[in-house]
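*Asks:* Sequence:
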Amino acid sequence: MTSLEDTKPLREEIDFNDDHTDSETDGTITQSPTYPPYRLSGEPNVGHIHGTFIGQTWRKRKEAAASGIHRMIYAGIWAGKNYAYSVVISGGYDDDSDDGESILYTGAGGRSRNQGPFGGNCPQTEDQSFGYHSNAALQRSCHHFQPVRVIRGLYDEEGKLYYRYDGLYDVTSAVLVKGSSGFMVCQFRFERRHDQEPLPHIGWPDAVPASIRKKYIAARRQGSTTS
Numbered sequence: 022m023t024s025l026e027d028t029k030p031l032r033e034e035i036d037f038n039d040d041h042t043d044s045e046t047d048g049t050i051t052q053s054p055t056y057p058p059y060r061l062s063g064e065p066n067v068g069h070i071h072g073t074f075i076g077q078t079w080r081k082r083k084e085a086a087a088s089g090i091h092r093m094i095y096a097g098i099w100a101g102k103n104y105a106y107s108v109v110i111s112g113g114y115d116d117d118s119d120d121g122e123s124i125l126y127t128g129a130g131g132r133s134r135n136q137g138p139f140g141g142n143c144p145q146t147e148d149q150s151f152g153y154h155s156n157a158a159l160q161r162s163c164h165h166f167q168p169v170r171v172i173r174g175l176y177d178e179e180g181k182l183y184y185r186y187d188g189l190y191d192v193t194s195a196v197l198v199k200g201s202s203g204f205m206v207c208q209f210r211f212e213r214r215h216d217q218e219p220l221p222h223i224g225w226p227d228a229v230p231a232s233i234r235k236k237y238i239a240a241r242r243q244g245s246t247t248s
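Offset between the sequence shown (1-based) and the numbering used here: plus 21.
Check each hint, because a few of them may be wrong.
[As the list claims (entries may be wrong)] With a straight-line cut-off of 25 Å between C-alpha atoms, the simulated DMTMM-like cross-links for lysine to aspartate or glutamate are:
no., residue 1, residue 2
1, K81, D177
2, K181, D216
3, K199, E64
4, K102, D148
5, K199, D227
No lab work stands behind these hints: they were computed from the structure.
Fair warning: this is a prediction, and the values are worked out from it, not measured in the lab.
The whole structure should be built from the sequences, with the hints applied where relevant.
*Replies:* Here is the structure:
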């Protein structure tokens, strides 16, 4: 399988802030100028969602939210009162890495809010902690062996972003480490469960992670400036 590099996507390529914060919890989205509160009937649940399937895709985050797979339109972590239900992988944090079957995922919090209400593309300005709701939920998922749904942000052959459900992952570790910013971050390791459909294709030409696409675009820009 192609190794997926852990670089940050270009800011202009993200259709929503991929913030890992828990401004939205339990499927109730706070009011924003762009989207009204988003609610779905039925209790959230850990595990697969009835009516969805591995490999299912959505063009927008709000479409994925409507399916119930990840009800957070902005936040990368959907955290319940006890466990985390799902995460969106879009390479938005410098310390993230994604090799398909195995993921290193940075927790929520510690980012500047000076550029708006959601800090997904803002620099790290303070330490994260497991006292933060989303991080605590992922930590409990780790300790109690509760799976988490993983949705990946990918690019198609036309360079258009979409989201795909890639199945259930176990949170196998939850540790506090010093990040590349110099601040402490909550780092989670995800391992894909084997008792499910195989992982769909990741890579060129039609399922390109934002991290790889960024490097490709940067290389092309570098080539055009030196030619």
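*Asks:* Is K199 within 25 Å of E64, Cα to Cα?
*Replies:* Violated. K199 to E64 sits at ~36 Å, over the 25 Å cutoff.
*Asks:* Given the hinted pair K102 and D148, is their Cα-Cα distance within 25 Å?
*Replies:* Holds: K102 and D148 sit about 23 Å apart, inside 25 Å.
*Asks:* When you check the alpha-carbon spacing of K199 and D227, does it fall within 25 Å?
*Replies:* violated, 34 Å
*Asks:* Holds or violated: are the alpha carbons of K81 and D177 at most 25 Å from each other?
*Replies:* Distance ~13 Å between K81 and D177 Cα, so the pair holds.
*Asks:* Given the hint that K181 pairs with D216, test it: the Cα-Cα distance must not exceed 25 Å.
*Replies:* violated, 31 Å
In this structure, the earlier hints numbered 2, 3 and 5 are contradicted, and the remaining ones agree with it.
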